[in-house]
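Q: Listed below are the residues making up each chain.
There are 2 protein chains.
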Amino acid sequence: MNERVLGYIAEHQAAFLEELKGYLRFASVSADSQFRDQTLHCAQHTADLMCDAGLTEVQIFETDGFPVVYGELMSDPSRPTVLIYGHYDVQPPDPLDLWVSGPFEPEVRDGYLFARGVSDDKGQIFCHLKAIQAWLKTTGTLPVNVKVIIEGEEEVGSPNLLPFLEKHTDLLKADLALVSDTPMLGKGQPSICTSLRGLVYVEVTAKGVGGDLHSGQHGGAVPNAITGLVSVLSRLKDENGHVTIPGFYEDVQVLSAAQRQAVAALTHSDTEYMASIGATALTGETGYSTLERRWYRPTLDINGIWGGYMGEGSKTVIPNLAHAKFSMRLVANQNPLQILEALRAYLPTLAPAGITLTLSTHTEAAFPAAVDPSHYAVKAGLKALEQAFGVPAVLQGEGGTIPVIADFKRVLGLPTVLMGFNLPDDNIHAPNERFLLANFFGGIEASAYFLNGLHPTPNPSPFPMGIERGA
Amino acid sequence: MNERVLGYIAEHQAAFLEELKGYLRFASVSADSQFRDQTLHCAQHTADLMCDAGLTEVQIFETDGFPVVYGELMSDPSRPTVLIYGHYDVQPPDPLDLWVSGPFEPEVRDGYLFARGVSDDKGQIFCHLKAIQAWLKTTGTLPVNVKVIIEGEEEVGSPNLLPFLEKHTDLLKADLALVSDTPMLGKGQPSICTSLRGLVYVEVTAKGVGGDLHSGQHGGAVPNAITGLVSVLSRLKDENGHVTIPGFYEDVQVLSAAQRQAVAALTHSDTEYMASIGATALTGETGYSTLERRWYRPTLDINGIWGGYMGEGSKTVIPNLAHAKFSMRLVANQNPLQILEALRAYLPTLAPAGITLTLSTHTEAAFPAAVDPSHYAVKAGLKALEQAFGVPAVLQGEGGTIPVIADFKRVLGLPTVLMGFNLPDDNIHAPNERFLLANFFGGIEASAYFLNGLHPTPNPSPFPMGIERGA
Chain A
535 MNERVLGYIA EHQAAFLEEL KGYLRFASVS ADSQFRDQTL HCAQHTADLM CDAGLTEVQI
595 FETDGFPVVY GELMSDPSRP TVLIYGHYDV QPPDPLDLWV SGPFEPEVRD GYLFARGVSD
655 DKGQIFCHLK AIQAWLKTTG TLPVNVKVII EGEEEVGSPN LLPFLEKHTD LLKADLALVS
715 DTPMLGKGQP SICTSLRGLV YVEVTAKGVG GDLHSGQHGG AVPNAITGLV SVLSRLKDEN
775 GHVTIPGFYE DVQVLSAAQR QAVAALTHSD TEYMASIGAT ALTGETGYST LERRWYRPTL
835 DINGIWGGYM GEGSKTVIPN LAHAKFSMRL VANQNPLQIL EALRAYLPTL APAGITLTLS
895 THTEAAFPAA VDPSHYAVKA GLKALEQAFG VPAVLQGEGG TIPVIADFKR VLGLPTVLMG
955 FNLPDDNIHA PNERFLLANF FGGIEASAYF LNGLHPTPNP SPFPMGIERG A
Chain B
535 MNERVLGYIA EHQAAFLEEL KGYLRFASVS ADSQFRDQTL HCAQHTADLM CDAGLTEVQI
595 FETDGFPVVY GELMSDPSRP TVLIYGHYDV QPPDPLDLWV SGPFEPEVRD GYLFARGVSD
655 DKGQIFCHLK AIQAWLKTTG TLPVNVKVII EGEEEVGSPN LLPFLEKHTD LLKADLALVS
715 DTPMLGKGQP SICTSLRGLV YVEVTAKGVG GDLHSGQHGG AVPNAITGLV SVLSRLKDEN
775 GHVTIPGFYE DVQVLSAAQR QAVAALTHSD TEYMASIGAT ALTGETGYST LERRWYRPTL
835 DINGIWGGYM GEGSKTVIPN LAHAKFSMRL VANQNPLQIL EALRAYLPTL APAGITLTLS
895 THTEAAFPAA VDPSHYAVKA GLKALEQAFG VPAVLQGEGG TIPVIADFKR VLGLPTVLMG
955 FNLPDDNIHA PNERFLLANF FGGIEASAYF LNGLHPTPNP SPFPMGIERG A
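Just so you know, the sequences run in chain order A and B.
535 is the number of the first residue of the first sequence in my numbering; add one for each residue after it.
535 is the number of the first residue of the second sequence in my numbering; add one for each residue after it.
By construction, these hints were calculated from the structure, which means they are not laboratory data.
One should not assume that every hint holds.
Which copy is meant is left open, because identical chains are indistinguishable; a pair holds if it fits in one copy or across any two.
[Said to hold, decoys possible] Computed list of lysine to any residue pairs in SDA-like fashion (alpha-carbon distance at most 20 Å, straight line):
#  : residue 1 : residue 2
1  : Lys917    : Leu881
2  : Lys671    : Ala809
3  : Lys913    : Leu551
4  : Lys943    : Asn961
5  : Lys849    : Ala964
6  : Lys707    : Gln593
7  : Lys849    : Ala899
8  : Lys849    : Asp566
9  : Lys849    : Thr895
10 : Lys555    : Pro882
11 : Lys849    : Glu689
12 : Lys849    : Ile811
13 : Lys913    : Met608
14 : Lys849    : Ser823
15 : Lys849    : His963
16 : Lys849    : Gly691
17 : Lys701    : Leu551
18 : Lys707    : Gly845
Construct the entire structure; sequences and hints are all you get.
A: The structure is reproduced here in structure tokens:
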């Protein structure tokens, strides 16, 4: 029977690939209203794919934006329930002229499938839908219960997902969430991500005098808004790379010796990393390795700055206004709302005489998320990945932010297994987005193994998987 | 005879005003090619005005840009020769909708004449041309020799004036220059300016990694170009407002006790100054007063900054490029070329690890200029102003830069008497530029007195001026 699941997956590779291509032809760009119809059609197609897979109760939930598509298969109330999350919307495809094949004309080259959204996130959604389909078509049931929600606004910040979660807590009741929207550590290096950083993003305006002044007539005697802003920004981190906001590190989870050893054991080369990003040096908080700095430590970056004369040539002006955007990446258990309040209290103390600072926020603050690596579902994930890819899977962190993961925890009480199948160089959000076919097929198998291996107690699964692979 | 000069001026006020209006109707905007014909016509009209005044050898010298107009009156080779300089070009009039009357439709209101260029510099040119005319029409000669050059590119940085000076050193041979292109200290406060600051204006680009990076994936480990630039800029001045470039202050003329007393004796209120510019605090180099900081001390100001994401909302980017324009105002005897070299050597030492800085210059470096306040021509200027305006005239400095003043010294060996007749709030370079009629007529008299009182030895002028005014 289990062999039949794997056999079904193996026999249907070509069909799955063609079906995925069909899904990718929808230009479901949520950020751009000219793609609105395509995005709505894609929601309908997502529902059809759920039905094809054998899910029941398939529904398209309207929201204030694009709909959330839901389906489930409740096999046995005594078994765990997995909430699988993904998104059918994609990033805008610009710049179009850099694509080798059209962003919405999927094409296989060199073992990769190229198309907008193939890695982020349609190909990864497919892995789970096809694993479910393989189980249902061959055994008629699933080793666990599954609920699937696929939203259409992830690429624009999921403005309507949190209200959806809050409204449907009963429908979405589960034991854990499963999300494939992060990359593996590298090619042939399957991994489970147990840490995501949070985000606080702000804009600050420095105001000096009443208007721009002539730098000759007044220079040397009056406050300069850019000088003031530069002074403030230069003191947000100290010479050791520490953020200077009082209390910033208070709630930061200290890395355990075991965690640090695990990170140190990962394949990583600073030299290769520097070469890959064109850096001549790496920087950051003293006392931490590059991966620790990127995944498990909070930080602050200036994202934009502007003020005064920015045109060609010279203008001898003392600007009275200057602006900057900067953001902090947070880790468990920092609270972004508390950090924002601490920043609000701290900034005015940095303002030089004659300079007034105004702080504003554009983006909802996002909580960091951490999953206990000893949770049974994480262990099941590592095992499933090893079974599917034939090499041991590792734990990793991720420096970016997926706000929904923290929301699953806060609103639904769910830990999330982040089991990504794409690769760090798959050009997500960039031209020539791609997905390694080996990872697509391996991802389907990994999902099938995961659903089977997911049991909180040592009770065996009702469906022992017969085929073990790898060394 | 001297009374006749003053009488001529008094009798012709209405005529001079009408003639000045005619001069102001030329839209001689050197910066904008749509005004090219008007500017060329204005050059011709300037030559006509010289002829009307009685100057000889009037010529229009072609340059690579707009012409320089020349005239002279050599009365007696044993007497001093004054080189009078001015410019017939004006600033662009934008924004037009803020003008009460048209910028090229001169109109008298509340004792002021309003028009673009009336203060800067056509009205001030007129003072000297009409003083010369008054002398020549009444006495047939001048107490000194005069040479007059009026250029047409001052408002675009005088790109062709230095070559002109270098080519015509014989023609321009003189004992001193006389320039009216700076303001008085205030209404009813005639002054001679003995110090102008120089200028070095640069643009710096900070480069980090090969391209913009995602601030989530990489934040905390890689150099950020804005952070790097901000760090560099924040260290260009120390906490006492001193510029930190090594050797920056080496050649700075120390203010004498007498100079400091003279500055302290001037009418100035920090409170009123702050109110006039909308400042909540004044800043600057410790140990110096506001006027000293603005006139007699060098400084550095950031004029513009830009980099990373400057649009609406948020973009989580680690920018790989950031730019700033900044400039230094220099005082005698700083050499702008040496300061620029010192900056070139210093900047790289400020660059954080992983950040490369590139320095470029847009504007020709300008030398500072200082005139010995004990020079006989300065004393003659002070006396002439007192005779014309009826109150003692004072010495002052000026924080801005007029490159030609340093060029007169370097190329022609001439000290310059800066005898300005307009006021600090005459809206030069702004809508509703104006010139107080009392200062226009007083300026004509002051110029007439100056030409008469200018003698390096105690020899009396051949034309004792009979009418003394004031208390």
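Q: Now, for every hint given, state plainly whether the structure supports it.
A: Results for each hint:
1. Lys917 <-> Leu881: neither (48 Å within a copy, 54 Å between copies)
2. Lys671 <-> Ala809: neither (47 Å within a copy, 81 Å between copies)
3. Lys913 <-> Leu551: neither (29 Å within a copy, 94 Å between copies)
4. Lys943 <-> Asn961: neither (29 Å within a copy, 62 Å between copies)
5. Lys849 <-> Ala964: between (37 Å within a copy, 15 Å between copies)
6. Lys707 <-> Gln593: Intra 16 Å, inter 94 Å, cutoff 20 Å: intra-copy only.
7. Lys849 <-> Ala899: Close across copies (14 Å), not inside one copy (38 Å); limit 20 Å.
8. Lys849 <-> Asp566: Answer is between; shortest inter-copy Cα gap is 17 Å, intra-copy 38 Å.
9. Lys849 <-> Thr895: Between copies only: 12 Å across, 31 Å inside.
10. Lys555 <-> Pro882: neither (54 Å within a copy, 52 Å between copies)
11. Lys849 <-> Glu689: For Lys849 and Glu689, the Cα distance is within 20 Å only across copies (12 Å; inside one copy 40 Å).
12. Lys849 <-> Ile811: between (35 Å within a copy, 19 Å between copies)
13. Lys913 <-> Met608: Neither, since 23 Å and 102 Å both go past 20 Å.
14. Lys849 <-> Ser823: neither (44 Å within a copy, 26 Å between copies)
15. Lys849 <-> His963: between (38 Å within a copy, 13 Å between copies)
16. Lys849 <-> Gly691: between (40 Å within a copy, 12 Å between copies)
17. Lys701 <-> Leu551: neither (36 Å within a copy, 79 Å between copies)
18. Lys707 <-> Gly845: neither (56 Å within a copy, 40 Å between copies)
When each numbered hint is compared with the structure, violations occur for hints 1, 2, 3, 4, 10, 13, 14, 17, 18.
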